[in-house]
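Engineer: The residues making up each chain are set out below.
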Amino acid sequence: MIRRIFAIARIEALITIRNRWVLTATLIMLLFAIALTWAGSAPTGTLGVDMLTVSVASMTTLSVYLAPLLALMMAFDGIAGEADRGSLGLLLSYPATRTEILIGKFLAHLGALAFAMAVGFGAAGALAASFGSVSAESLVALARLILTSILLGAVFLALGYMVSALASAPTGAAGICAGVWLVFVVLYDLGLLGALMADGGGWFTETVFPWAMIANPADAFRIWNVAASEGVAMTTGLTAAAASLPQWAAPLSLIVWPVLALFGARHFFERLEP
Amino acid sequence: MVDTVLTIEAARKRRGDIDVLRNISLTASAGQRIALLGHNGAGKSTLMKAALGLTPLSSGHIFIDGAPAGSAHARTATAYLPEAVSFHKSITASEQLALFARLAATDVSQVPSLLERVGLGDAMHRRIGTYSKGMRQRLGLAQVLLARPRLALLDEPTSGLDPISRHELFAIIDEMAERGTCVVISSHTLTEVEARTDRIAILRSGRLVADDTLSNLSQNAGLKTRVRIRANGTEADRIATEIGGKRINGTSVEIFCGTGEKMSELRRITAMGSAVADIDMQPPRLEDLYRFYSSEESQ
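Respectively, the protein sequence lines represent chains H and U. So for the first sequence, the numbering used here puts the first residue at 1; every next one is plus one. So for the second sequence, the numbering used here puts the first residue at 1; every next one is plus one.
Hint data in this document are derived by calculation from the structure and do not stem from the laboratory. For every residue, glycine included, the Cβ atom is placed at its ideal position computed from N, Cα and C. One or more of the hints may lead you astray.
Said to hold, decoys possible - Straight-line distance between alpha carbons at most 25 Å, and here's what the computed DMTMM-like set of lysine to aspartate or glutamate pairs gives:
#1 U:LYS224 to U:GLU194
#2 U:LYS133 to U:ASP162
#3 U:LYS262 to U:GLU287
#4 U:LYS133 to U:GLU95
#5 U:LYS133 to U:GLU175
#6 U:LYS133 to H:ASP84
#7 U:LYS133 to U:GLU192
#8 U:LYS89 to H:GLU273
#9 U:LYS89 to H:ASP84
Said to hold, decoys possible - With beta-carbon atoms standing in for the labels, derived distance ranges:
#10 H:ALA169 to U:ASN40: 17 to 25 Å
#11 H:MET1 to U:SER59: 28 to 36 Å
#12 U:ASP122 to H:MET1: 31 to 39 Å
#13 U:SER90 to H:VAL256: 29 to 37 Å
#14 H:ALA169 to U:GLY16: 16 to 24 Å
Stated by the list, open to error - One-sided excerpt, in silico: chain U residues whose CB lies under 8 Å from chain H:
#15 THR55
#16 THR76
#17 THR78
#18 TYR80
#19 SER86
#20 SER90
#21 ALA104
Same shape as in the complex, but just chain H (with noise of 0.2 Å):
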């Protein structure tokens, strides 16, 4: 079983890498990770933290964009594109199971998205300390950044075969993985805010809507870096809602959402007749 899922991973791997993927998605994790500490350079005396602080609570906002989306591009093609090939048909004759190839595209998409991270992030950790401004505890708040958008990204890589596993043709996997990304990165909030809005700090405000917030992956990823960091969380606005929280409700939100993920995307893989 093990040899047959590394088997699967093997090639998904190759063809990650030369389809660029790891390629793209280093530079542009590098591109924004290095811009944002340079700009974080400047207001760091008036805060009165380092600049890697003010770096982490950048990189974390734009990495609650990017790791889904990277995640999702990376996903969408993974079985409905074996399928419009006709590809999908010869692999299922192998005494290979469902679930083998599908934790096989997951290990290998995962380990080109922690590639791109881990140096992204890395770099603009480098960066920060070659200035001199780093302390140990923002290292350890840019560890959790990299782990927890590692995690965010293995979310949405699961969301992305679930949706390729239900859409017939790659294109509609595209068209549908866009619309997942745009309900859980942006829609979600927006809607959470307007209902915050209607609710003037009543009921809601109170009790649903920080679980509200911790049932969304994403925001999930914001709170886990924001509410253990004391840093960062003086450069967002969201330690209100995260202070209501149990401490383990962030990260227990972040690990169980790709294994449900995983396990949807095998229910409708189960049922794709190739």
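Position chain U relative to chain H; hints supplied.
Structural biologist: Just chain U, lined up with the frame of chain H:
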């Protein structure tokens, strides 16, 4: 004892309102080469996908080497060549075949020699995106040869191949059969597979309408030999009235006769003497046979 490799029992498949497969039963044993014929949409590909466990049957069973279709043992025992096979364009033939070897848990070191065997030796380290359709088909064939399967299901294997590659394909099929693999070849042209298979199964709108050797099939079909008589000068009319055939142009008459009547008809024609300039006889062709079994009005 007959070593049965493939057993299909009363297989039915409904898709919406349409019966794609209707009560198909078929068995095949080791070393047999079977041609699965039928028009486009007759159910050939569906039957193959059902045998692979890719498409669930509405009712009935398929067993491969004693194991239910789609089970781990059945998949290990089966090799498949899909119609118009395709692969990801950015990997090479040797990488693709190595993946299949790993999935089938066979020796990866045989990959180069297998690619040589199907004529892809020079191209094995080139990306599949640069391949022609025929080359992709050869790569598909190479993966069939990987694991010495008990059953090989080849869906339209000749499509996209030039005549020489086609010849090589059948040489490979013969070799597999000699080693004991049961080979099922689907096709919509009987002429292509007739001399290369031991048995012919014909599907028509999801029904198995024939399953026998070629000679038995032609005997049962009772197809007639066509005799074309060319008349001398203006004798065509007289020949047509006396022999009882059909005028097909100014000088020729055409009659059809069964296997038993051939000699007596010939005697009647020669008895007309110099009125007949020439005769041309055409025994039933394979295409006629195929048309007989696969056309709706025949049965």
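Engineer: Return the status of the interface hint for ALA104 (chain U): holds when the least beta-carbon distance to chain H is below 8 Å, violated otherwise.
Structural biologist: holds (6 Å)
Engineer: Next item in the hint list is THR76 (chain U). Is there a CB on chain H closer than 8 Å to its CB?
Structural biologist: holds (5 Å)
Engineer: Check whether the Cα positions of LYS89 (chain U) and GLU273 (chain H) lie no farther apart than 25 Å.
Structural biologist: It holds: about 23 Å lies between the C-alpha atoms, which stays within 25 Å.
Engineer: Taking the least C-beta to C-beta distance, is THR78 (chain U) closer than 8 Å to chain H?
Structural biologist: holds (7 Å)
Engineer: Does the CB of THR55 (chain U) sit less than 8 Å away from some CB of chain H?
Structural biologist: Cβ of THR55 (chain U) sits 5 Å from chain H, so the hint holds.
Engineer: Holds or violated: LYS133 (chain U) and ASP162 (chain U), Cα atoms, limit 25 Å.
Structural biologist: holds (10 Å)
Engineer: Measuring from the C-beta of SER90 (chain U) to each C-beta in chain H, is the shortest one below 8 Å?
Structural biologist: holds (4 Å)
Engineer: With the threshold set at 25 Å, check whether the alpha-carbon distance from LYS133 (chain U) to GLU192 (chain U) stays at or below it.
Structural biologist: holds (19 Å)
Engineer: Measure nothing beyond the straight line between the CA atoms of LYS133 (chain U) and ASP84 (chain H); if it is 25 Å or shorter, mark the hint as holding.
Structural biologist: Between LYS133 (chain U) and ASP84 (chain H) the Cα gap is close to 16 Å, so the pair holds against 25 Å.
Engineer: Do the Cβ positions of ASP122 (chain U) and MET1 (chain H) conform to the proposed distance bound of 31 to 39 Å?
Structural biologist: Because 36 Å falls inside the window, the suggested range holds.
Engineer: Taking the beta carbons of SER90 (chain U) and VAL256 (chain H), is their distance inside 29 to 37 Å?
Structural biologist: The hinted range 29 to 37 Å holds for SER90 (chain U) and VAL256 (chain H), with Cβ atoms some 34 Å apart.
Engineer: Against chain H, with CB atoms and a cut of 8 Å, does the hint on TYR80 (chain U) hold up?
Structural biologist: With Cβ-Cβ at 4 Å, under 8 Å, it holds.
Checked against the numbered hints given earlier, this structure breaks none of them.
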